[in-house]
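Student: Next come the chains, spelled out residue by residue.
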Amino acid sequence: MERYYQKEIECAPLEELRSIQTEKLKKQVQHVWDNVPYYRKKMEEKGVKPEDIQSVDDLGKLPFLSKKDLRDAYPYGLLGKPLKDCVRIQSTSGTTGKRVVAFYTQHDIDLWEDCCARAITAAGGTDEDVCQVSYGYGLFTGGPGLNGGSHKVGCLTIPTSSGNTDRQIMFINDLSATILCCTPSYAAYLAERFKELGYGPNDISLKAGIFGAEAWSEEMRADIEKTLGIKAYDIYGLTELSGPGVAFECSAQGGMHINEDHFIAEIIDPDTEEVLPEGSQGELVFTAIDKEAFPMIRYRTRDICKLSREKCSCGRTLIKMAKPMGRSDDMLIIRGVNVFPSQIETVLLNNGYAANYQIVVDRVNNTDTLDVQVEMTPEMFTDNVGEVEEHQKKLSEGLKSMLGIKAKVSLLAPKSIARSEGKAVRVIDKRKI
Amino acid sequence: MSIKQISVFLENKPGTLKKLTSVMAKNNIDMRATSLAETKDFGIARIIVDDALDAVNTLKENDFVASLTSVLAIEIPDEAGGLDKLLDVFADAQVNIEYMYAFPGRGVNNHAYMIFRVADTKAAEAKLVGKGLKILTQEDIANI
Numbered sequence: 014m015e016r017y018y019q020k021e022i023e024c025a026p027l028e029e030l031r032s033i034q035t036e037k038l039k040k041q042v043q044h045v046w047d048n049v050p051y052y053r054k055k056m057e058e059k060g061v062k063p064e065d066i067q068s069v070d071d072l073g074k075l076p077f078l079s080k081k082d083l084r085d086a087y088p089y090g091l092l093g094k095p096l097k098d099c100v101r102i103q104s105t106s107g108t109t110g111k112r113v114v115a116f117y118t119q120h121d122i123d124l125w126e127d128c129c130a131r132a133i134t135a136a137g138g139t140d141e142d143v144c145q146v147s148y149g150y151g152l153f154t155g156g157p158g159l160n161g162g163s164h165k166v167g168c169l170t171i172p173t174s175s176g177n178t179d180r181q182i183m184f185i186n187d188l189s190a191t192i193l194c195c196t197p198s199y200a201a202y203l204a205e206r207f208k209e210l211g212y213g214p215n216d217i218s219l220k221a222g223i224f225g226a227e228a229w230s231e232e233m234r235a236d237i238e239k240t241l242g243i244k245a246y247d248i249y250g251l252t253e254l255s256g257p258g259v260a261f262e263c264s265a266q267g268g269m270h271i272n273e274d275h276f277i278a279e280i281i282d283p284d285t286e287e288v289l290p291e292g293s294q295g296e297l298v299f300t301a302i303d304k305e306a307f308p309m310i311r312y313r314t315r316d317i318c319k320l321s322r323e324k325c326s327c328g329r330t331l332i333k334m335a336k337p338m339g340r341s342d343d344m345l346i347i348r349g350v351n352v353f354p355s356q357i358e359t360v361l362l363n364n365g366y367a368a369n370y371q372i373v374v375d376r377v378n379n380t381d382t383l384d385v386q387v388e389m390t391p392e393m394f395t396d397n398v399g400e401v402e403e404h405q406k407k408l409s410e411g412l413k414s415m416l417g418i419k420a421k422v423s424l425l426a427p428k429s430i431a432r433s434e435g436k437a438v439r440v441i442d443k444r445k446i
Numbered sequence: 007m008s009i010k011q012i013s014v015f016l017e018n019k020p021g022t023l024k025k026l027t028s029v030m031a032k033n034n035i036d037m038r039a040t041s042l043a044e045t046k047d048f049g050i051a052r053i054i055v056d057d058a059l060d061a062v063n064t065l066k067e068n069d070f071v072a073s074l075t076s077v078l079a080i081e082i083p084d085e086a087g088g089l090d091k092l093l094d095v096f097a098d099a100q101v102n103i104e105y106m107y108a109f110p111g112r113g114v115n116n117h118a119y120m121i122f123r124v125a126d127t128k129a130a131e132a133k134l135v136g137k138g139l140k141i142l143t144q145e146d147i148a149n150i
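Keeping their order, the protein sequence lines are chains V and A. Residue 14 is where the first sequence starts when you use the numbering used here, and the numbers rise one by one after that. Residue 7 is where the second sequence starts when you use the numbering used here, and the numbers rise one by one after that.
Keep in mind the hints are simulated off the structure, nothing from the lab. Honestly, I wouldn't trust all of these hints.
In silico DSS-like cross-links for lysine-lysine, where the CA-CA straight-line distance does not exceed 27 Å [what the hints assert, rightly or not]: (1) Lys-54(V) to Lys-20(V); (2) Lys-445(V) to Lys-336(V); (3) Lys-419(V) to Lys-46(A); (4) Lys-413(V) to Lys-10(A); (5) Lys-66(A) to Lys-428(V); (6) Lys-81(V) to Lys-59(V); (7) Lys-428(V) to Lys-19(A); (8) Lys-66(A) to Lys-413(V); (9) Lys-324(V) to Lys-20(V); (10) Lys-32(A) to Lys-421(V); (11) Lys-428(V) to Lys-140(A); (12) Lys-413(V) to Lys-19(A); (13) Lys-428(V) to Lys-24(A); (14) Lys-407(V) to Lys-19(A); (15) Lys-208(V) to Lys-133(A); (16) Lys-46(A) to Lys-443(V); (17) Lys-406(V) to Lys-66(A); (18) Lys-428(V) to Lys-32(A); (19) Lys-37(V) to Lys-220(V); (20) Lys-419(V) to Lys-407(V); (21) Lys-208(V) to Lys-165(V); (22) Lys-55(V) to Lys-80(V); (23) Lys-208(V) to Lys-10(A); (24) Lys-128(A) to Lys-428(V); (25) Lys-428(V) to Lys-25(A); (26) Lys-74(V) to Lys-97(V); (27) Lys-54(V) to Lys-74(V); (28) Lys-81(V) to Lys-428(V); (29) Lys-443(V) to Lys-19(A); (30) Lys-445(V) to Lys-19(A); (31) Lys-406(V) to Lys-32(A); (32) Lys-32(A) to Lys-40(V); (33) Lys-407(V) to Lys-46(A); (34) Lys-25(A) to Lys-208(V); (35) Lys-10(A) to Lys-421(V); (36) Lys-37(V) to Lys-81(V); (37) Lys-55(V) to Lys-74(V); (38) Lys-20(V) to Lys-59(V); (39) Lys-419(V) to Lys-32(A).
Quick caveat: nothing in here was measured; it's all calculated off a predicted structure.
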């Protein structure tokens with residue numbers, strides 16, 4: 014039986030959702046006009062006034078915000094509330110440029126935690142569950158977000174944070190944890206460790222996992238599910254919009270429902286900024302219509318994906334987003350071809366290798382080189398050089414047909430790629446351009 | 007009558023083989039015979055020891071990918087034509103050799119020993135039996 018945390022919203026008729034969105038959007042635009050001079054200036058430059066926004070259909074009249082705006086307005090330029098009304102900040106790692114600092118009022122924290130509670134409930138969580146949160150706690154939104162959601166659902170929450178893998182396993186075993194929240198790469202690492210210690214899927218108390226904060230493939234999902242004996246659910250979010258829980262997966266495990274009462278999604282052509290019809294692939298743009306302290310309007314996520322309002326078997330009416338192929342920040346342009354690490358991961362797993370890999374891009378004699386380094390596994394090893402080479406060749410051909418460009422495959426010793434306790438480092442780009 | 011060979015994956019980078027020999031040394035494992043197959047991208051070390059199961063577990067604990075392979079160890083006289091005569095038997099019996107290397111032994115009785123990897127060890131054994139060959143067992147290995 015499908016469970017809902019806030020059924021009246023999650024399964025609301027479309028017209029009702031639209032009217033909630035219209036109401037909140039109008040209010041939000043007025044709030045931003047009155048309280049965020051940085052955005053008001055952008056509106057004035059575009060010749061838009063709050064009264065021009067009468068319904069969700071008018072969203073397209075508003076100017077975009079981008080990562081560059083966050084940089085230019087750092088730290089307080091996009092703040093919508095006096096600091097005395099704010100209760101928390103969260104921040105990104107800053108690996109792709111200057112770090113983002115996002116502000117929250119108590120209202121903002123509440124709605125964020127509600128979103129995470131919806132995700133945990135959709136994964137089957139109830140107050141009977143023991144939920145281990147192995148996302149990092151601190152400035153990173155993963156830990157605090159799922160921790161809050163887990164409290165709201167009433168799960169017994171184990172705030173292990175990330176790292177110390179054997180202690181994670183001890184808590185899962187000793188307290189019979191049923192739900193695990195962490196990055197997919199860390200889930201894969203935990204699964205590997207469980208296997209090493211001799212645990213089969215039936216020996217592990219976990220039944221569900223909520224994994225997000227980085228791109229991961231369907232093949233990796235299948236691997237984690239098989240090894241841990243769980244259902245693995247995707248969760249999506251950005252610090253700029255609150256954190257994990259902007260969208261979450263349901264029992265259908267085919268795309269993530271966007272919490273549309275808080276966030277309006279659009280897909281645009283990243284080059285022309287033109288809004289694309291439903292079902293088109295493009296850049297995801299979000300408007301936070303309920304957040305007070307950090308009210309992002311038409312924020313360009315740089316995530317490439319599709320939206321679909323097809324009827325979902327879980328009963329939710331919230332629009333679904335497909336798993337993003339990756340952030341356009343993660344996208345590599347190699348010899349002029351767009352390459353996402355998630356595509357490479359798919360090929361590796363399809364060919365029987367594990368998701369322990371690294372992608373090294375370099376430029377030699379003015380030509381880009383792509384080296385896919387993957388660890389040898391007992392399953393892929395034989396004493397026969399020809400067979401191992403044959404596997405390697407098949408992998409190389411698989412990469413060529415997926416990516417359209419040639420890749421070198423390097424087989425590495427086991428455990429030679431550092432395991433990640435948070436977001437995995439998949440790409441080493443040595444090109445000096 | 008076959009014996010177990012340990013096959014170990016080696017990444018193509020300086021120091022990999024040394025890491026393998028260090029693990030063997032630290033765990034007091036005597037490598038009785040070794041052979042290295044290499045491509046431009048990786049290598050496979052093939053090793054004969056007295057206790058193959060114990061050694062393969064030690065290697066796995068030390069983060070090597072290692073597996074056990076059945077191979078034939080056959081005694082030949084250490085003299086000109088010794089191997090040639092043996093291979094006559096293989097050819098007559100229609101046994102295809104995938105790879106082969108020498109096993110030095112400890113210099114007993116002027117004998118040499120050869121290790122053979124064939125596609126189907128059991129079938130090859132059946133074809134070679136009764137041809138006057140001395141096929142070694144795992145116990146024999148420890149004693150030569």
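Student: Which constraints among the numbered hints does this structure fail? Numbers only, ascending.
Tutor: 1, 2, 4, 8, 10, 11, 15, 19, 21, 24, 26, 28, 31, 32, 35, 38 and 39
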